[in-house]
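Model the full assembly from the supplied sequences, consistent with the hints where possible.
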Amino acid sequence: MTSSKFRLTERQQTFGEKVIASLQINNVQVDDGGSYVCQASNVYGRDQQLVQLYVQEPPNRPNDLRVITVTSTTINVQWEHDGDQTSKYIVQHKKSDGWWDPTEVDSNVHTALVSGLQPATKYLLRVIAAGDAGWSLPSDELVAITNPERPSGPPARVEVRSLSSTQLLVTWAPPQKEHKNGIVLGYNIGFVEASMDTMAHNMTTVYGDGEDGGELILADLIKFKRYSIVVQAFNEVGNGPLSEPTTAQTMEDVPSSYPLDVHCSSLGSQTLQMSWKHPEMQHWNGVIQGYVVTYDSIDRDDDIEIGNRRTPSLTIVLTGLHKYTNYTLKVAAYTRIGTGENSKPIMCCTDQDAPGPPEDIKIAVASAQSLTVAWSPPKYSNGVLLRYNLYTRVMKGEEELNHMKRTLPSHHLTYEAKGLQPHLEYQYWVTAATKIGEGQSSKITTQILSTTRIVPAKIVSFGGLIERPWRTFIKLPCTAVGQPAVKRQWLKSYRAIQSWDGNLQVTENGDMTIASLQRSNSDNYTCHVENTHGADAIIYQIIVQVPPEPPILYTARATSSTLVFHWRLSSNGDAPITGYTMTYHLYPRGPYRQVSIPRHTTSYYLNDLACGQTYQAHIVANNKVGSSKPSIVVTTKTKGGKPGVPNKSLFLKPNSTYLRLNLEAWPDNDCPIDRFVVRHRPMLQPHWTTTADNLRNQRKFTITGLMPATEYQLQVEGHNAAGSTLADYYFFTLTEDGEEPPPELVEKSQISRPFYYMDMKMAIPVLGTFVAVLAVVCTAFVCLKRKRDSVPPQGAGDTRDRRSTENQKYYATIHKVGLTNSEKIPETSADISPYATFPVDEAQRGSMPMLHNLTLRQHSVHENYAPPSHPPKMFKNRHDRSAQDLYGKHSTHNIDDSDSDAEQNMTSSFIYSRAQSSTSSDLSPPPTEQKSLPRRTQTRWFPTNRSKRSSSMANTSLFPTSSARRAETDCSSNSDTLKKLNLGKSTLWSRPVSNNNPQKHSDYSIAV
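Under my numbering, think of the first position of the sequence shown as 1, with each following residue one higher.
Be aware that one or more of the hints could be misleading.
What the hints assert, rightly or not - Keeping only pairs whose Cα atoms sit at most 16 Å apart, straight-line, the calculated EDC-like set for lysine to aspartate or glutamate is:
# : residue 1 : residue 2
1 : 405       : 351
2 : 379       : 467
3 : 435       : 523
4 : 344       : 399
5 : 379       : 438
6 : 18        : 64
7 : 487       : 536
8 : 787       : 740
These are computed hints drawn from the structure, not numbers from a lab.
Structure representation (structure tokens):
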């Protein structure tokens, strides 16, 4: 037999004469304990056996589990328990995502020290009581967090790479989770030159922690230098261990200094030797590949040259130079990146050599027995001329009769040979000599004398091109021979010159002098001589060298840090340009700077400028005479502007307790961002928390210590050389589970976001626009009102027709009076006497409601109440709806033509209110409007303690009062006031409220 209800199973088995019976209890419970009896019987008798069952149960669950002390690696807990049937306690702990780890204590101890824990870690703890019958149910779980410790491990995956010659990018990952020992607040990055035997690092702190690590740009480092970098994490307890040093080297750059101890010496008339020493090693900025020597000369106007030579050594021999010529030399070192700064220029001159030949030679017959020989100096003297050698050879046919050499001082350019014989051929040539020796000879010129005494006019001086600086003195020789005596005349561009002509003067011996040369003296000058036997002339081409004209400067290209200028020279002043000087400054108040530019250059790069800034520049050209006037000032701007505002989705990456800022996403508008200012605050909080006020050289930044599922306001200012930009963001942190906040929370925050969180740069213009629009509307309203008031009233007929079409009616509730047959109901307003009265019984006079619902409101008096925004709910029937329509409308109408301005400024409003409902189907008054009427009578106030009916009527007044009173008007107004009603063709009709008692006084509705 089996009983599922009592979990009992009874079995009997027969083995011959033996019977075996058993009772099985499944899932034994405490209630199953007790006495069980087994009875056996047969025909001979019966017997029984008593079995006493004792059920053992597990202990009760412990309670009141609590924390006593907490350290970074231990948690001491305590609990309450009765201790019955308990042999021990098992304290279990685990991380939120781990397995339960047990700690056993004796049954007589109700405390336990759980050790071997990790710092700054949340643990779940519970206690189980164990006995012979098993374990109890666990106690309620307890949450405890161990105390933090300083990080026990360094950041992971520290990597360093070079960004430029002065920047290194350091990246790292957070320490292993088990080594953080708390919330990492930031990192210290240390760097030191690898060659220095020291452990003292230059430390830079980066605040914040992120799941994907951090990075820092180390800037302003030494070029081409190897550094050792370490990183350590820190939390609220202290700094963790340093990472293993990681080395990296900045990139190579051009040398930042010039070679030292530059010397030059001449090795001959066309050879110079130059030597120097390396720049200081700290300025190499790389591996020096060699040196560039630049040489230039302006001594030889017809052959201005500039050249450069490269050499890997510290000396160079320059060959193929001009003889006895001054050279300007400078040297610069170069690396694989480019050429560095030039050394200061030095002057060096090649040695003297034998001069070149005199440029020209000629002979003039002075008389029958004399000749004059003249020559011009060599074009290239190749040194200091010491003398001239004049060679003479006398020929008679093919026979040489005489040969001689005469030495003349270097300042003599003519020689007169006398005592000559006729019919012989005289040959002459000239050489010049320096200390090196005699140079090449001129051409040979020949002359044969005749016996005649006729000597044609001839000039022995030489004309040609002469260049002289302005404001100097010049003499133009015009030596001539001839018999009879010659006549001279000087011409300037074929115009005769007088003895005195400005700064021109013709001397007694026929030469012309020009004092204080000016640009206007540049011209062709002709000396003309003649006598009766002949004429001759020479021409001087005078070029006066003056300072150059101002160059024409313009901007060719601009970058964020560079301006490229080009210029064109309109005139060099007829003298070689020796160089340019450019002056520039940051507009408007920056310091002025000057740069010297080589003479063959027509463009220049201004580097290392501030981006997004305006600069002014001008240039001056220089020649050996002087400097030009400054060019027109060019105002230009480097590329770049104030930082932009990044997209929120690209810039912000929130988590539950921190916010990661992707600073790389911030648009710099071609102007590198120098620093950031970061501040934040929770919504609805007035005070800001400045997280960083000078954030530099970071591409990412983390704000920590935030609350989960909380909205914050973030402001970030980006600063660069062009200015600053403020970006304003609102964001929610994620929930503790890393999920997005609930939509209802987001919507609620958007609705409750206060106006003062609006950026004032937007709020002020919006508010200003609103005020301006409001002012315009008010001004327009006043103007329209004045225009309307100034329109003259129309004719009476027009007014009557207009008012009839408007179908306006005035309602008042009055007390019904009995009418006799002789009494006539007025049909129009004209039938109503201004002094009309209504008969009232004396018995009813005291309780009769006198115009309780005739509400007179004078607009010219400022009241402390206004009409309610909605009609009273007392309007029930059709008749009352007309009054409700009347309540909801309002219009202002012109008063009678006879009204004065003062009367028009005083208006009253009559409002009809029905105090008693009606179910009559009679014609109800049409919808009406509130009517403004002139008023001359004074308002009188009556107490409301009338009859019950009167009180009911009074309570339906549409305008509240400060006391329980209603305004009533005196019905006995003067005729002028009633005439101003101007009721026109309106009709007067009445309707009794009740037809059961026609003799009883009742309320009537009168429509006018």
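Each hint tested on the structure:
no., hint, in the structure
1, 405 - 351, "violated (28 Å)"
2, 379 - 467, "holds (14 Å)"
3, 435 - 523, "violated (37 Å)"
4, 344 - 399, "violated (64 Å)"
5, 379 - 438, "holds (15 Å)"
6, 18 - 64, "violated (58 Å)"
7, 487 - 536, "holds (10 Å)"
8, 787 - 740, "violated (61 Å)"
Going down the numbered hints, you'll see the structure goes against 1, 3, 4, 6, 8, while the others check out.
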